[in-house]
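4 protein chains.
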Amino acid sequence: MSNTIRVTVWNENRHEQTNEQVRRIYPEGIHHAIAVPLRQEQFEVRTATLDEPEHGLPEEVLNTTDVLIWWGHQAHDEVSDETVERVQKRVLEGMGLIVLHSGHFSKIFKKLMGTTCDLKWREANEKERLWVVNPAHPIVQGIDQYIELESEEMYGEFFDIPQPEELIFVSWFEGGEVFRSGCTYTRGRGKVFYFRPGHETYPTYYHPEILKVISNAVRWAAPVNGPSLVFGNAKPLEVIKNKVETVENK
Amino acid sequence: MSNTIRVTVWNENRHEQTNEQVRRIYPEGIHHAIAVPLRQEQFEVRTATLDEPEHGLPEEVLNTTDVLIWWGHQAHDEVSDETVERVQKRVLEGMGLIVLHSGHFSKIFKKLMGTTCDLKWREANEKERLWVVNPAHPIVQGIDQYIELESEEMYGEFFDIPQPEELIFVSWFEGGEVFRSGCTYTRGRGKVFYFRPGHETYPTYYHPEILKVISNAVRWAAPVNGPSLVFGNAKPLEVIKNKVETVENK
Amino acid sequence: MSNTIRVTVWNENRHEQTNEQVRRIYPEGIHHAIAVPLRQEQFEVRTATLDEPEHGLPEEVLNTTDVLIWWGHQAHDEVSDETVERVQKRVLEGMGLIVLHSGHFSKIFKKLMGTTCDLKWREANEKERLWVVNPAHPIVQGIDQYIELESEEMYGEFFDIPQPEELIFVSWFEGGEVFRSGCTYTRGRGKVFYFRPGHETYPTYYHPEILKVISNAVRWAAPVNGPSLVFGNAKPLEVIKNKVETVENK
Amino acid sequence: MSNTIRVTVWNENRHEQTNEQVRRIYPEGIHHAIAVPLRQEQFEVRTATLDEPEHGLPEEVLNTTDVLIWWGHQAHDEVSDETVERVQKRVLEGMGLIVLHSGHFSKIFKKLMGTTCDLKWREANEKERLWVVNPAHPIVQGIDQYIELESEEMYGEFFDIPQPEELIFVSWFEGGEVFRSGCTYTRGRGKVFYFRPGHETYPTYYHPEILKVISNAVRWAAPVNGPSLVFGNAKPLEVIKNKVETVENK
Chain A
1 MSNTIRVTVW
11 NENRHEQTNE
21 QVRRIYPEGI
31 HHAIAVPLRQ
41 EQFEVRTATL
51 DEPEHGLPEE
61 VLNTTDVLIW
71 WGHQAHDEVS
81 DETVERVQKR
91 VLEGMGLIVL
101 HSGHFSKIFK
111 KLMGTTCDLK
121 WREANEKERL
131 WVVNPAHPIV
141 QGIDQYIELE
151 SEEMYGEFFD
161 IPQPEELIFV
171 SWFEGGEVFR
181 SGCTYTRGRG
191 KVFYFRPGHE
201 TYPTYYHPEI
211 LKVISNAVRW
221 AAPVNGPSLV
231 FGNAKPLEVI
241 KNKVETVENK
Chain B
1 MSNTIRVTVW
11 NENRHEQTNE
21 QVRRIYPEGI
31 HHAIAVPLRQ
41 EQFEVRTATL
51 DEPEHGLPEE
61 VLNTTDVLIW
71 WGHQAHDEVS
81 DETVERVQKR
91 VLEGMGLIVL
101 HSGHFSKIFK
111 KLMGTTCDLK
121 WREANEKERL
131 WVVNPAHPIV
141 QGIDQYIELE
151 SEEMYGEFFD
161 IPQPEELIFV
171 SWFEGGEVFR
181 SGCTYTRGRG
191 KVFYFRPGHE
201 TYPTYYHPEI
211 LKVISNAVRW
221 AAPVNGPSLV
231 FGNAKPLEVI
241 KNKVETVENK
Chain C
1 MSNTIRVTVW
11 NENRHEQTNE
21 QVRRIYPEGI
31 HHAIAVPLRQ
41 EQFEVRTATL
51 DEPEHGLPEE
61 VLNTTDVLIW
71 WGHQAHDEVS
81 DETVERVQKR
91 VLEGMGLIVL
101 HSGHFSKIFK
111 KLMGTTCDLK
121 WREANEKERL
131 WVVNPAHPIV
141 QGIDQYIELE
151 SEEMYGEFFD
161 IPQPEELIFV
171 SWFEGGEVFR
181 SGCTYTRGRG
191 KVFYFRPGHE
201 TYPTYYHPEI
211 LKVISNAVRW
221 AAPVNGPSLV
231 FGNAKPLEVI
241 KNKVETVENK
Chain D
1 MSNTIRVTVW
11 NENRHEQTNE
21 QVRRIYPEGI
31 HHAIAVPLRQ
41 EQFEVRTATL
51 DEPEHGLPEE
61 VLNTTDVLIW
71 WGHQAHDEVS
81 DETVERVQKR
91 VLEGMGLIVL
101 HSGHFSKIFK
111 KLMGTTCDLK
121 WREANEKERL
131 WVVNPAHPIV
141 QGIDQYIELE
151 SEEMYGEFFD
161 IPQPEELIFV
171 SWFEGGEVFR
181 SGCTYTRGRG
191 KVFYFRPGHE
201 TYPTYYHPEI
211 LKVISNAVRW
221 AAPVNGPSLV
231 FGNAKPLEVI
241 KNKVETVENK
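Protein chains in written order, with the UniProt record's numbering: chain A, 1 to 250; chain B, 1 to 250; chain C, 1 to 250; chain D, 1 to 250.
There may be inaccurate statements among the hints.
[Claimed, not checked] In silico negatives: residues of chain D with every beta carbon more than 12 angstroms from chain C:
#	residue
1	6
2	43
3	46
4	50
5	52
6	64
7	83
8	157
9	208
10	220
[As the list claims (entries may be wrong)] Pair by pair, the computed Cβ-Cβ distance ranges are:
#	chain 1	residue 1	chain 2	residue 2	range
11	D	231	A	81	45 to 53 angstroms
12	C	44	D	53	36 to 44 angstroms
13	C	206	D	237	28 to 36 angstroms
14	A	82	C	206	56 to 64 angstroms
15	C	3	B	208	47 to 55 angstroms
[To be verified] To spell it out: a stretch of chain D is covered by chain C in this simulated footprint if at least three of its residues, at any positions, have a beta carbon under 8 angstroms from a beta carbon of chain C; those stretches are:
#	stretch
16	107–119
17	166–177
18	181–189
19	228–238
If you're looking for bench data, these hints aren't it; they were derived computationally from the structure.
None of the values given here were measured: they were computed from a predicted structure.
By construction, the Cβ of each residue, glycine as well, lies at the ideal position given by its N, Cα and C atoms.
Modelling step: build the complete structure from the supplied sequences, incorporating the hints.
This is how it looks when you write it as structure tokens:
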């Protein structure tokens, strides 16, 4: 059995078909731009997109995926509920999930968070600076004090998510807002990382430090061979003095 | 405008109809047993049950509820999805939610947690001892080092919930298990408290310290008049140097 | 016995003696500016300063203080270790502690955090905007989406503190930095709130929303009458089958 | 440069000199028992003990240590304050620290926690069962649902530590107590893991799952090459409109 981490990069892949500006930046799709550098690491990388059968995520793909990366934006509702439930089940079983940018509004992220995942936004080509607030975390391996992006969409607080278990990045925006832009969660045996940057009209997924964060996150989110989850009726491990009469006689 | 906290105690109220042992302990229902002592505090208390129209939780009730207490067990699936969504919406807007015992498997709790909320269990009349692990928390006001229950159903780890924001109680069980039995979360503007004890065949909701925890939790979970949540497209608060050309020329 | 919260506002009170600009803003000292509005709430408020005997914090003052507010800057080292230990002991017993601005470098805050509590700073009269990231928290009662301060000293990340238990505010600074500017912790039975704003050369402690946050924090940090802390050798609560021979025979 | 993790196992090594029972179990010292299996992993392992010069932890040793393991009990006070400060400094710079059992009362652990780190205890050869409550964590790689120790010293709540960032294990004790027995923290760039088991009169450090947890923890706690920590006066990254007059004219 190999130890290679198996990554599936999922992309909605719609803007690339309809928007000339996006196509120029990502001619083979955002999924391709993300997959190429991950292949240069020691990962085994596949891609999947919305318009493939079962959105490219049939059971056999999910069952052989260690970490799933998710980018979606305008067609969240077209992802079938069955697929979302299949992905959730796999996350709870241990598959890592990295949710990028507008994926904050995907069905799967909202389902795992239990909140609206809503936020403020603005498309104004403004500067973003992602400050590291957790320098001990493996996700910031090789990253400097901050990552600067000359032009990005703004996402601003309040970001309606549960309090992150670990807050890794906080973004500064030129227009006056801040954002918790790198957040980790565990759900069951699975790890979830939300990472903010990556609006489709900017070349964010060519930025070396953004790619470094994503590949660090893949390693961090890969499944751990911990205890299997056992639920349901359980025999006692110790002798219990029967106290049925206590209730009966009350 | 009054500052009285308005509590609604929701109970499935089915065991009480069909199980003689339960009826003897809670002749007017678990909701009644919980509501009576809360009325002796300064709360305004209503009850609601599954078989009432709209499960007793129409919009006008939820809109005038500050804290909702939830007990359910065998009929979780009979709670309509519309009701669950209405409750979730109100929690995110600020309504407190206290989920008791087998409510861990209610639709609303699972929806707010994003996990299966599954666990181990055993009905063996065994002793439970709830140890306080957060003595600074308002929920343990007036509580001693531990609460002892002579006979309870066992719930054991792994409890498939997101890591609690605050862990208040950890239970010891006679049969050899432990359980994170008092857990807090925030979801949007709302606070959620899960509290383990209260199997229907035991007189747990007459225990003075259990009632004390519930009334403390009501005060803790009552809505805070914090900022309203503003989402969506946002005008800049500061001047942004327009950088449209950066992208265009790439 | 009264339920009035007893607050002691501690101030180094040195800048006010030596810096004309500071004296003009706070002619009776920063402690006075903070104490006056707190007295208008239902708190019982005393002040204490560095140059008083025992720094104004003898045992009888601490023992009758529910919440201690701390402002210090240039003379942290002049606070005696005995005083710091007395304050720490009282916090662990339940006294609330609110540490303001440059108090991040006080002996007591560093002792309770276990880290350097170091940060970046700049005095450039720049704009600060404190965004609420936890709208459910009692500390933001009555506060809007953000608090704007026209001129403040900048504090920037990385702020070397343990990950806050609750992150309440994140600051945006005109010069390009962000800062976790409202952070809660529990230590023993005591609650700690760090709140960033309040450089001595700005009239920050006259700002109504800053004062509102401080008075909210006083209520939040007031001691809870939870279990007393019992440590040391403990008799078993259950019968233990003696297994001395297991070790002996190994 | 090698990627081998460099571990230093520190042991007080006093019980082994004076207590026949301990010597029989750990004839070459607890440090030796822990070091041997770690050497069989890919770690570079040294040991150090209290009675060596500078307690075996001079600057050159600490500077070449990636993860320090700490066992101490009866002679915590004999560890010099200089050594404690040196260790703390190295942790904040990135060195991992694993604190075992009675090390909860070591100077270094108390300094990093900011609390008394006190607890309940009992030596009664009783059964301990460590339940995994975070099955996604790398520290439980290869571990089953729980670890059972036939005979151990009891440690009971309330354990006076800051709320763990991640709670990994909760112990059940035969005598009726529970304990948060696997807890993680970050301090600066360093990671800290407290792991409860290991009283000197029991062969706990020969138990394969206990050793597995320790070696997992070494990997988890090893330094991450994240951003270096930059503190102090910082030049603005963006233009600040000078507002000196605002304050001057007040």
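**Report entry** Numbers of unmet hints, in rising order
**Finding:** When the structure is compared with the hints, numbers 8, 12 and 15 turn out to be violated.
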